[in-house]
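Quick mapping for you: the protein sequence lines, in order, are chains A and B.
According to the numbering used here, the first sequence holds residues 32 to 584 in order.
According to the numbering used here, the second sequence holds residues 1453 to 1898 in order.
One thing to keep in mind: the hints can contain errors.
Said to hold, decoys possible - Covered stretches of chain B (in silico footprint by chain A; criterion: 3 or more residues with CB under 8 Å from a CB of chain A, positions within the stretch not fixed): (1) 1525 to 1536; (2) 1607 to 1617; (3) 1647 to 1653; (4) 1656 to 1664; (5) 1761 to 1770.
Rather than coming from a laboratory, the hints here were simulated on the basis of the structure.
Ideal placement from N, C-alpha and C gives every residue a C-beta, glycine not left out.
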Amino acid sequence: MISRAFIVRGALAVCLIAVMAVVGYGIYYSNRPPAVYQGPPTVKLISQPQYANTVAYIFGDDIEVPPQFPPVAREDGLLSLGYANTAITPVVVERFYRYGQSVAEQVLGPDRRSYFVPCTPASVKTADGECARDFIVPIGRLLYRRTLSSDEVAAYVDLANTAATQLQDFYQGLSYVLSAMMASPEFVFIWDRLEDDPDNPGQVRLDAYSKASRLSFFFWNSTPDDQLLNAAETGQIHTEEGVRRQVERLVGSPRLKQSIRAFFADMLMFDHFENLAKDSVIYPAYGPGVSGDAAEQSLRTITHHLVDNLGDYRDLFTTRETFLTNTLAALYRVPVEPSREFVPHEFAEDSHRDGLLTQVAFLSLHSHPGRSSPTLRGKGLRESLLCQEVPRPPPNVDFSNFEDAAGDFKTARERLVRHSSDPACANCHKITDPIGLGFENFDGAGQFRAREGGALIDASGELDGIPFADASALGEAVKQHPGTTECVVSRLLANAINRPNRAEDVAVIDDLLGDFAQHGYRITDLMRSIALSEAFFAVAEPSPDVATVARAD
Amino acid sequence: MKKPISRRKFLKGTLGGAAVTVGLPFLEIFLNANGNALASGLPIPKRFGTWFWGLGMNREIFVPKTVGAGFDLPEEMASLAPVRDHINVFSNFDTTTDGRPNICHYTGWVVLRCGTAPSDRSDLAGQSVDVMMAEAIGRGTPFRQIDVNATGDARDTHSFRGRNAYNVPETSPVAFYQRIFGPQFQDPNSPTFTPNPKIMAEKSVLSGVIEQTASLNKALGADDRARLDQYFTGLRDMENQLAYFLEKPEPRPACHAPGAITEEMPLGLDAELIAERHKLMSQILVMALACDQTRVFNMTYSNSFAATVKKGHEKSHHTETHEELVDPELGYQPMVSWYTRRSMEAWSYFVQQLANFPEGDGTLLDNALVYAHSDQSFAKVHSLEGIPMFTAGSAGGRIKTGLHIDGQRSPGTRLPFTLMRVLDLDIDAWGSGANRATNDIADILV
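All chains should be built: construct the whole structure from the sequences, respecting the hints.
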């Protein structure tokens, strides 16, 4: 049995410790008093989904946004935490500038400008300050997630006027202002701003707009809407009732799916699909469009189960309900309507497709281009869904132990059993391979197979003391594993408050786990619990040497 | 209006292979009598670049048996025959962990890029050598440096400004083309020049917004002030880039903007696909250099964990380095060598692109200095001893070429140290601990 403390504790430095932890290392943080840790405020680079959702909310979803942004490093299993620390090189700034320019050209081009500029300029060939102001004030409020000051508005209007006069083009002037605003750090970074806390003299709190952003990005992964900004402006967001009212509105919105999708795409490392390709000779059915469809299938399965059905999170690992395109159907070898669109589908009981881990996305993502990988799959399961870190291989392994002149291993299990002959390898491979071998009935493209190299595949194993016979039973074992729910709680909390879990968070996670269980492991209720917890807005002014603070005043 | 051409046509057309010299106007009127400077009196610019491939080599069939000039070309680098006189080979130089862990496929290249062994996989001490070069010779062009790769993955780069601060590479030929030769490109050989009023207006608005937001800086703490400073540096670079386009550029006789590339390449790490992507990215890069859009570049052919695959073969390059048997008759891992040979073919192609491109009274390569290396020597055991390195080009006659240098186990950092000094960086030492370099590799100096 694995302890919660193990999950919170995070990375393990050596294989030995990892093995000890997996088999039941003691409660690391037992007997600590419950406390809410007040983390430092963050200044977080906007992610591609957040940018795309924001643009779609303000300007419509037909405005094109680049599908990929510059990569950031994953921290504690989440890219979303990497955005709070990533450094900004000039080429990144140049890209953000060009992204904004592209959006501005689309928004203020001849086809769309009348939808977004709520006035008609006196002449399209001259400056019109009043009309420019009518555009800049509401758009700037949504872009900067706060009301612009009168000085800011005057400055932007002046810039628009000057450019319009220079070019004799009102809309071009406005377009340059919009693109420059979208390159401004006010937009590109999501800021935590602090103010003195009137209820706790000597302490600070997030200002109202920062609270609105924190709520909006957590529930919608997008910029605050008008109602949230109003709640910030009136100060309602500083009251318990005000927050509760907003949380109910946010959690009940269809836009909640945006956030659920982004969170699970991050947690499941779906960003790696951006560059995933399979060998077209070995896996001819895994063509160029498959990886995108596979990721979408799993995300639809997740949002349908968790949001539409308000299902138990743990059932994600056993559900046979999903969505397929005809491209995916060929890989699954099931008949569906000949459609490029996703259609609902329920796998048959004997299909071997039980839950998220038996879908093509997980199976193909954690494989090589030309073959399966029990090690990568075991590592993927432990790191993505159980929040355990598998140590990297030691540098100077003597690989001659694995050489076999005959080279006649038929199955992956036969190949990998060699690892257990070397203690340096065995300690880590014990963590990954016994569970990864459970997926060996699926090849590197995620297609079912009963045999490999002519030999019948043995997909049995055990997950931290829970034995399983095959991948379907492994899904059941994951469902029963305490790390499964603890992991999603700790990751979701980290995602909400923009920082990795700390030892001081154990009590909070414990409370949230209790709530999660009480509410039938419904993710929507978990998100509500997180947003209403004391930890959600908890923040402190950092010490000067590691200062990370922007003050509203 | 330039006529769009397809990627395939671009590869096979006027810029294809050695034919890159065909059809490019060589306007001698723009050169001085000696051909070593522009007619304006400005010298032909110096260029610096890097080229990286992953997973090293098989020493027995890679390292030349003879040192000095006229070195032999063992079978794994046989494809370098056409460029042997343009390159130097550096063997038997060491990279050390300096008492820290050997972080597989990371320690080696990090040391050779910044001179300091990392303590963990996210550790990057200081900035990479290309960034230092860009600060010194990259100004005065629209792009202080350009980073590209042939893998199509934006994570594959070896250029950085510090921890968590990688320079994001161009991965798409279409996007790379647009960035350099898109609508903002100013043809340096155009007989007339009129500043584009749209760029003037764009720049003044950007400057205004920077001014408007600059006050944010005062309200921040230490960590985020640094990040915001980086952001403002980037915005000012953007401002400078726009300003550059408002000045009449110096004529560049070798510059000839190619037709637009509009067709994206498929994803994947199949060796043939990487080779094609590498060719296309190299060709755009070479023209960007000829047009003086940049003077510093990085090309990554494969990353340090190179997952390059051979179509129909189930194991990738990296997997093979650890799992393939050494063939008792050959004495090496045949599939690993197959992948290494593809890397060397690409390196040879890259050097040929520069060597065949006329500039002044010589070629682009004559006015360039390229530093190439890998992350391991014998990847099977993650060996850091004798990581293979090359240079190409003579940096305007400042270094000799056509030599094989035996480093005799001295620090590999001596090579980037020497190259920085060749390009006039005022440094007496570079790197730290056991990787600290204080002696030039004198054998290559003119």
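Hint-by-hint comparison with the structure:
1. Counting residues of the region 1525 to 1536 of chain B whose beta carbon lies closer than 8 Å to any beta carbon of chain A gives 0, which falls below the threshold of three, so the coverage claim is violated.
2. With 6 residues having a beta carbon nearer than 8 Å to a beta carbon of chain A, the region 1607 to 1617 of chain B meets the requirement of three or more and the stated coverage holds.
3. Requiring three or more residues with a Cβ within less than 8 Å of a Cβ of chain A, the coverage given for the region 1647 to 1653 of chain B holds, as 4 such residues are present.
4. Taking a C-beta to C-beta cut-off of 8 Å, the region 1656 to 1664 of chain B contributes 6 residues in contact with chain A, enough for the three needed, and the coverage statement holds.
5. Under the rule that three or more residues need a Cβ within less than 8 Å of chain A, the assignment of the region 1761 to 1770 of chain B holds, with 7 such residues.
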